[in-house]
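A.B. asks: Sequence:
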Amino acid sequence: LIAQRETQNTPPPLTRMENEYNFASLFPKGTSNEMRKRAAVAAEVFTTEELKILIRQDEILLSSERPVEGQRIIEKNKEVLLLALEARKKRESLGPYARRFPFSPYEAGKYMPELNLAFNPEYPGNFVLDTSAQDLVSMARINLQVESLRMTYKELEGSHKLTERELHHHFHNFLKIFSREEKDVRSFFSLEAFEADILLGDSDSDTISIVEVKKDDAGDLEEELFKACLYAIKWCTMKGKIGDTTVNLAAVYLPKLMSRLGSIKVRLIPGREFEILSVKIYDLAVWGDRKRGEDSSYRGKCSVCLV
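For the sequence shown, this note's numbering gives the first residue as 1, with consecutive numbering after it.
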């Protein structure tokens, strides 16, 4: 294409293709739709150096005499290439998360189709606890604390309408009961410009869990797990450990105590670029109420997985 451009008086058309990155999000406000489409394709097709060469070629063409219409076409094409060049420069200055996902985890709900394609999640069914682990919390202890949490929510609901932050606070305290150290349960954990609801485990270690909390019926738990996936990717790229890392995920409805568990496996490669190796999302689990004769097995499975 570059060789052809040297002998042509007019630029070749830019055809639309499927972009891995939404370059159009980097263009200035007020850019026309036509310019956005053409420049986004150019930014995807050409490297920064190739764009510079093409711009220089247009400048050479513009320096020679030609019909007004031909001049106008070349000027328009140069504008497109300049937009594309600036977008590529901006993208190259971004971190690995922002280069792949030009939106915050909080906005996951707006991009569910795109995230489904990126994550390609597996749905194994019910979560099955590995009971061979040596450091499992006893089921009796979990049952006692779950009942205590349930009663706390019930008493508070009798006096006022609970906010999501209140629900979050008491669930945070519930998880702290099972933690080995104070720092192993942190709420509103900062990931640069982002903030995860709850991070479990030592953030300097290789094993963490990320928990997203929602008030009953205030959102979709799968959407919350996708949000947690994005937080996990951000954490992996910030940590910078080359190789494979698995992060456990949970999304919890409160005060009903319903949850979906999941996990994401991320491979970090030199340059802090990453690959998403797998995402698993398990079925909805209800932490049953023994007083009403409900199955309580899931409460233990969910709690133990988290803590």
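Hints in this document: simulated from the structure, not taken from any laboratory. None of these values were measured; they are calculated from a predicted model. The C-beta atom is built at its ideal place from N, Cα and C for all residues, glycine as well. Treat the hints with caution; some may be incorrect.
[Said to hold, decoys possible] Each computed BS3-like pair below joins lysine-lysine, with the alpha-carbon atoms no more than 27 Å apart:
{"id": "1", "residue 1": "K256", "residue 2": "K239"}
{"id": "2", "residue 1": "K176", "residue 2": "K256"}
{"id": "3", "residue 1": "K90", "residue 2": "K110"}
{"id": "4", "residue 1": "K215", "residue 2": "K239"}
{"id": "5", "residue 1": "K176", "residue 2": "K154"}
{"id": "6", "residue 1": "K215", "residue 2": "K176"}
{"id": "7", "residue 1": "K154", "residue 2": "K215"}
{"id": "8", "residue 1": "K37", "residue 2": "K52"}
{"id": "9", "residue 1": "K110", "residue 2": "K78"}
{"id": "10", "residue 1": "K37", "residue 2": "K78"}
{"id": "11", "residue 1": "K241", "residue 2": "K215"}
{"id": "12", "residue 1": "K76", "residue 2": "K29"}
{"id": "13", "residue 1": "K215", "residue 2": "K110"}
{"id": "14", "residue 1": "K76", "residue 2": "K90"}
{"id": "15", "residue 1": "K241", "residue 2": "K265"}
{"id": "16", "residue 1": "K241", "residue 2": "K90"}
{"id": "17", "residue 1": "K29", "residue 2": "K110"}
{"id": "18", "residue 1": "K110", "residue 2": "K183"}
{"id": "19", "residue 1": "K76", "residue 2": "K89"}
[Unchecked claim] FRET-style restraints, in silico, Cβ to Cβ:
{"id": "20", "residue 1": "I269", "residue 2": "N33", "range": "17 to 25 Å"}
{"id": "21", "residue 1": "S203", "residue 2": "S159", "range": "34 to 42 Å"}
{"id": "22", "residue 1": "E79", "residue 2": "G271", "range": "30 to 38 Å"}
{"id": "23", "residue 1": "I242", "residue 2": "S190", "range": "43 to 51 Å"}
{"id": "24", "residue 1": "P124", "residue 2": "D220", "range": "17 to 25 Å"}
{"id": "25", "residue 1": "K256", "residue 2": "K76", "range": "16 to 24 Å"}
{"id": "26", "residue 1": "F194", "residue 2": "N173", "range": "19 to 27 Å"}
A.B. asks: Going through the earlier hints one by one, which of them does the structure break, listed in rising order?
C.D. replies: 1, 4, 9, 11, 18, 20, 23, 25
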